[in-house]
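Numbered per the UniProt record's numbering, the sequence shown spans residues 1 to 375.
Just so you know, the hints here were simulated from the structure itself, not pulled from any lab data.
Among the hints, erroneous ones may be present.
[What the hints assert, rightly or not] Derived pair list, reagent style DSSO-like, types lysine-lysine, alpha-carbon separation capped at 27 Å:
#	residue 1	residue 2
1	Lys-241	Lys-265
2	Lys-304	Lys-350
3	Lys-350	Lys-240
4	Lys-306	Lys-278
5	Lys-156	Lys-125
6	Lys-241	Lys-114
7	Lys-39	Lys-50
8	Lys-350	Lys-50
9	Lys-39	Lys-241
10	Lys-113	Lys-240
11	Lys-156	Lys-113
[Stated by the list, open to error] For each label pair, taking beta carbons as the anchor points, the in silico distance ranges come out as:
#	residue 1	residue 2	range
12	His-264	Ser-218	49 to 55 Å
13	Gly-285	Ser-218	49 to 55 Å
14	Thr-354	Leu-53	19 to 25 Å
15	Tyr-145	Arg-342	14 to 20 Å
Think of the CB as a built atom: it goes at the ideal place given N, C-alpha and C, for glycine as much as any other residue.
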Amino acid sequence: MESFEDRRPSSPSAERAVPDEYHTLLNELNRHVHQEHPKDIIQFCIDFFKEKLEKRKRGSISGPAFDTREASPITTTTSDELGGGETLNVPFSRGRRTSVSAESIQPSQTPLKKIVIPKDAEQRKQIRAAIQNNFLFKNMDDDQYNDIVNAMAERKVDEGQIVIKQGGVGDYFYIVQSGTFDCLINDHKVTSYGPGGSFGELALMYNAPRAATIIATSDGVLWALDRVTFRSLVVENTAKKRMMYEHFLEEVPLFKSLNKIERHKIADALESIQYEDKDVVLNQGDYGDNFYLIEDGEATFYKKGKDGKERMVNKAIKGDYFGELALINDRPRAATVVANGRLRCATLGKNAFTRLLGPIMDILKRNSPEDHPEQ
1 MESFEDRRPS SPSAERAVPD EYHTLLNELN RHVHQEHPKD IIQFCIDFFK
51 EKLEKRKRGS ISGPAFDTRE ASPITTTTSD ELGGGETLNV PFSRGRRTSV
101 SAESIQPSQT PLKKIVIPKD AEQRKQIRAA IQNNFLFKNM DDDQYNDIVN
151 AMAERKVDEG QIVIKQGGVG DYFYIVQSGT FDCLINDHKV TSYGPGGSFG
201 ELALMYNAPR AATIIATSDG VLWALDRVTF RSLVVENTAK KRMMYEHFLE
251 EVPLFKSLNK IERHKIADAL ESIQYEDKDV VLNQGDYGDN FYLIEDGEAT
301 FYKKGKDGKE RMVNKAIKGD YFGELALIND RPRAATVVAN GRLRCATLGK
351 NAFTRLLGPI MDILKRNSPE DHPEQ
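Work out the full structure: start from the sequences and follow the hints.
Okay, structure coming up:
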């Protein structure tokens, strides 16, 4: 029986072979992504391959002669068909090589014509709930979520219909609105999905053979998103975010000593978080993982005295920053920070903070208690 994805011509790239090392490295990268859940997926991939190159330079990896036969059994994290991050041990085929490829999509100079497929409030809520904890979507802002939800198309499925076929090449990610679906690997059921479940997200990243078969066990309705639409939206939104943050960083005195390339790297790593009035951004005494830069709004700083009472000690506005000394000195937060009205902050994780802010680390360390609100 044909699947949805059998109905379209397969990509010519599926017929082109690639070296075994390529497939092995991608499987290893997938495992690391699901184990570490990085906030910045692009930077994480760059760091992964940089480390491989460094090992090669030191002689740990012998370049093209890297022998996949000596590799340990490959554990494929098949959230592609499993959703929820389940891990399966899948035998690695040493027969015909498979191809993994991704379209090269550049930001357009003209505004992207976005797809808007009407949905009611309940449908939108269900789609967002299904994707918000998925590693591909969890760091998106509200505008990006709305673009993704708008672009998803309805697919009605009959009982017994194959949605995804193991070994086939597909480029859709699916969310279950209604119905039940079984996931099979080599004809053995490994899991099932009901409303709110999702599968096939790795197809949004690259064009690779499906790791499992998904078959409908009842009539149902799916929401589908294709790879090209997803990547176009992500590239467009990433380009806009980068430009916005680069302009913002140019206005912050702390970053004026950085060159354009350094600001560019920081802009790519920043993630935006929105807080409502009275929301607690961080608590005094907690250990933190983030550096904060105020994009918009105002934050109030409180310190608890020896008498146990909290007192306001400072305020911060657009362009101010906080949270850096807890990361530099690996110590608890020195104050509680609360949103005074709606507050939007750009955040940088601990690893990115250390890696990217090296050129201005001395400036950060020199801040005295009198001129910094968190001290």
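So, against the hints stated earlier in the document, which numbers end up violated here? none
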